[in-house]
Amino acid sequence: MRFPRLPENLVTPYQGFLILGTGGLLAALLWPDLQTRRTLFLQILAVLQGILALQVGEAEHGYGPVPPRLRLARLAFFNLLAVFLALPLVLVYRVETGASWSGFLLATLFFGAHGFVWMGVGHGLAGLVRSDGVRFVLKYGGFILALLGPLFLAWPASALTILPALWAGKAEGWPGFFGYLGLSGVSLGLWLRPRSCQKG
Amino acid sequence: MILLLILLAFPGFSLEIGLELGWAGRPVLDAVNPLWVTLSNPDPAVVRGELRMMMEFGSAWRGIGTYTAALPFVVGGFAKTRLLLPWPVRAGSVLVRAAAFAGKEKLGEGELRFTVEPGPLRAGIGPPLEPVDFLFSPAELPTEPLLLSPFSELHVSLPLRASEKDAVQAWQVFLSGEVGVEAEVLRDYLAGLRPASPRWIILLPGLFLYVLGLTLVLPRLAQGRPKLPAVFLAVFLAFSLVYSVSQEPASTKSCVLIRIERPGFTSFCLEVLGVAPWVSEEMVLDGWWVEFLPGRGWQGRDLWWRLVGETWQTAVRLEPGVPRLFFRIAQEAPLSGEVISPPSWLLRGLSLPWSQATVMQAGEIYVVRLR
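Which chain is which? The protein sequence lines are V and Z, in order. Here the first sequence is numbered in the working numbering, starting from 92 and rising by one per residue. Here the second sequence is numbered in the working numbering, starting from 2 and rising by one per residue.
Mixed in with the good hints there might be a few duds.
[To be verified] Estimated spans, in silico, between C-beta atoms of each pair: (1) Z/Ile202 to V/Gly114: 17 to 23 angstroms; (2) V/Gly270 to Z/Ser252: 33 to 39 angstroms; (3) Z/Ser252 to V/Phe168: 37 to 43 angstroms; (4) V/Phe243 to Z/Lys228: 45 to 51 angstroms; (5) V/Gly114 to Z/Arg349: 31 to 37 angstroms; (6) Z/Val246 to V/Gly114: 21 to 27 angstroms.
[To be verified] Facing chain Z, according to a computed beta carbon distance under 7 angstroms, are these residues of chain V, among others: (7) Arg96; (8) Leu111; (9) Thr113; (10) Arg160; (11) Phe175; (12) Glu187.
None of these hints come from the bench; they were simulated from the model. Just so it is clear, CB atoms sit at the ideal spot from N, CA and C, and this is done for glycine as well.
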């Protein structure tokens with residue numbers, strides 16, 4: 092089995108994701124308030140993973156023309172790499188917060204879907220918006236809006252609330268979970284379209 | 002056909018349920034009031050089943066909780082049964098509902114709308130020497146001191162029997178202000194309890210090695226040499242899996258029981274139970290426990306009381322990170338333990354004459370014995 096080669100410019104984002112994720116785990120485990128302690132790491136990881144996925148999606152757009160299935164395999168590998176890098180930390184967090192194995196499994200699945208969605212956004216914006224500045228604002232502004240907007244509107248659609256709910260086995264997490272699963276399916280579908288192999 | 006439809010639309014119940022809450026029908030806010038349930042059977046056949054009472058409390062701002070009680074009953078033909086329950090009344094409570102069931106069949110239902118008294122009442126036992134809100138005859142005096150919690154004053158002008166005197170003296174010590182529980186202080190203490198602390202001696206070196214190792218080998222993925230990163234990742238995944246399985250906490254919650262007693266004066270004691278849950282689970286306590294509620298965040302602070310055999314049980318749904326504080330007044334066998342100087346959280350959490358108190362500790366049980 093051959094693993095896709097990681098683009099040079101993505102090594103640092105992955106290293107940053109790992110270091111900051113580990114820092115987030117330590118911060119969460121040392122947090123004095125028990126309720127924050129149970130959710131903080133998941134929320135930090137969701138933010139870090141979203142940023143990483145946007146960067147990977149954008150970088151992948153500039154990688155050059157490749158067949159859609161190969162593009163999909165590459166993105167799936169990069170997404171899984173982020174999930175697998177976080178997995179040892181999530182396993183430790185599971186036992187330290189007394190979460191169930193089902194909560195752990197659902198959260199891991201959610202991370203997978205979440206990564207695919209934001210990779211799709213990063214990839215799509217790189218093709219649609221030529222201006223670096225506008226793209227930067229749209230990319231990160233959209234991500235922050237998707238994280239914080241639902242909190243103000245009390246919609247169960249932000250990763251910041253979906254993950255803790257899935258972690259605690261609460262039904263409030265299901266709509267967002269399925270929503271992200273659906274969106275990741277859309278993201279996969281878009282990558283499989285032939286035009287995605289054209290260089291942007 | 003029309004008659005049949007009408008009959009189906011208005012089913013006749015075989016049991017009448019009457020409800021009365023509070024002394025003289027005046028339930029007091031934040032007190033445990035008497036709830037009388039009268040079951041009347043208009044039929045000759047004996048009726049047996051389960052009676053369920055339910056009351057919502059709170060508001061959209063505070064969060065809404067529910068109190069539920071369930072107990073089996075038997076009512077003879079053409080007979081009445083009167084039951085008495087200690088019922089806490091909270092802000093936002095306006096309605097108590099009761100329903101009787103035999104299996105899935107509803108035998109009867111009743112409800113009571115009420116308004117609460119914002120402050121405690123004054124009561125007298127015997128001929129009143131001062132103006133009072135409620136006058137007890139000795140026969141009406143409850144033997145459960147918790148039912149006296151709606152009163153701030155109890156004027157006794159009659160000689161009482163030993164059991165009545167015991168209950169009144171328990172009210173005097175635990176409910177009239179001699180002993181005070183600072184619930185917020187105790188909740189803060191509970192919030193700081195850690196059912197299981199991380200194994201830092203394993204965790205810190207492990208995480209350090211993980212970050213260092215992966216950061217160093219990740220560039221190999223860009224060079225098309227993924228074997229070492231894959232091995233590293235597999236090894237640390239295996240370690241973290243072993244850690245996750247082996248560190249599964251044996252205890253899912255931390256509990257602290259504080260028992261305040263004054264032997265020789267009353268046989269009752271005030272028990273305050275604090276629980277710091279670590280996982281979501283149901284906890285069942287023996288006895289009729291009531292919760293000290295915080296200012297808000299009442300959502301999910303439901304209590305289920307159920308009569309199992311001869312004893313009441315209180316079932317509570319615990320949510321991780323939400324410390325709960327319960328109390329009851331009970332007659333328990335005396336406990337002893339190692340005499341200690343009271344810890345600072347206990348000194349701040351209970352207001353009582355500490356100069357007259359001895360504190361003993363037996364595990365997570367603190368006995369405060371008043372002289």
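These are the hints, each one checked on the structure:
1. Z/Ile202 to V/Gly114: 17 to 23 angstroms: 19 angstroms, holds
2. V/Gly270 to Z/Ser252: 33 to 39 angstroms: 37 angstroms, holds
3. Z/Ser252 to V/Phe168: 37 to 43 angstroms: 41 angstroms, holds
4. V/Phe243 to Z/Lys228: 45 to 51 angstroms: Hint holds: Cβ distance 47 angstroms, inside 45 to 51 angstroms.
5. V/Gly114 to Z/Arg349: 31 to 37 angstroms: 35 angstroms, holds
6. Z/Val246 to V/Gly114: 21 to 27 angstroms: At 25 angstroms between Cβs, range holds.
7. Arg96: Holds, about 5 angstroms.
8. Leu111: Interface hint status for leucine 111 of chain V: violated (10 angstroms vs cutoff 7 angstroms).
9. Thr113: 5 angstroms, holds
10. Arg160: 20 angstroms, violated
11. Phe175: Since chain Z brings a Cβ to about 6 angstroms from phenylalanine 175 of chain V, closer than 7 angstroms, the hint holds.
12. Glu187: Interface hint status for glutamate 187 of chain V: holds (5 angstroms vs cutoff 7 angstroms).
Hint violations for this structure: numbers 8, 10, all remaining hints satisfied.
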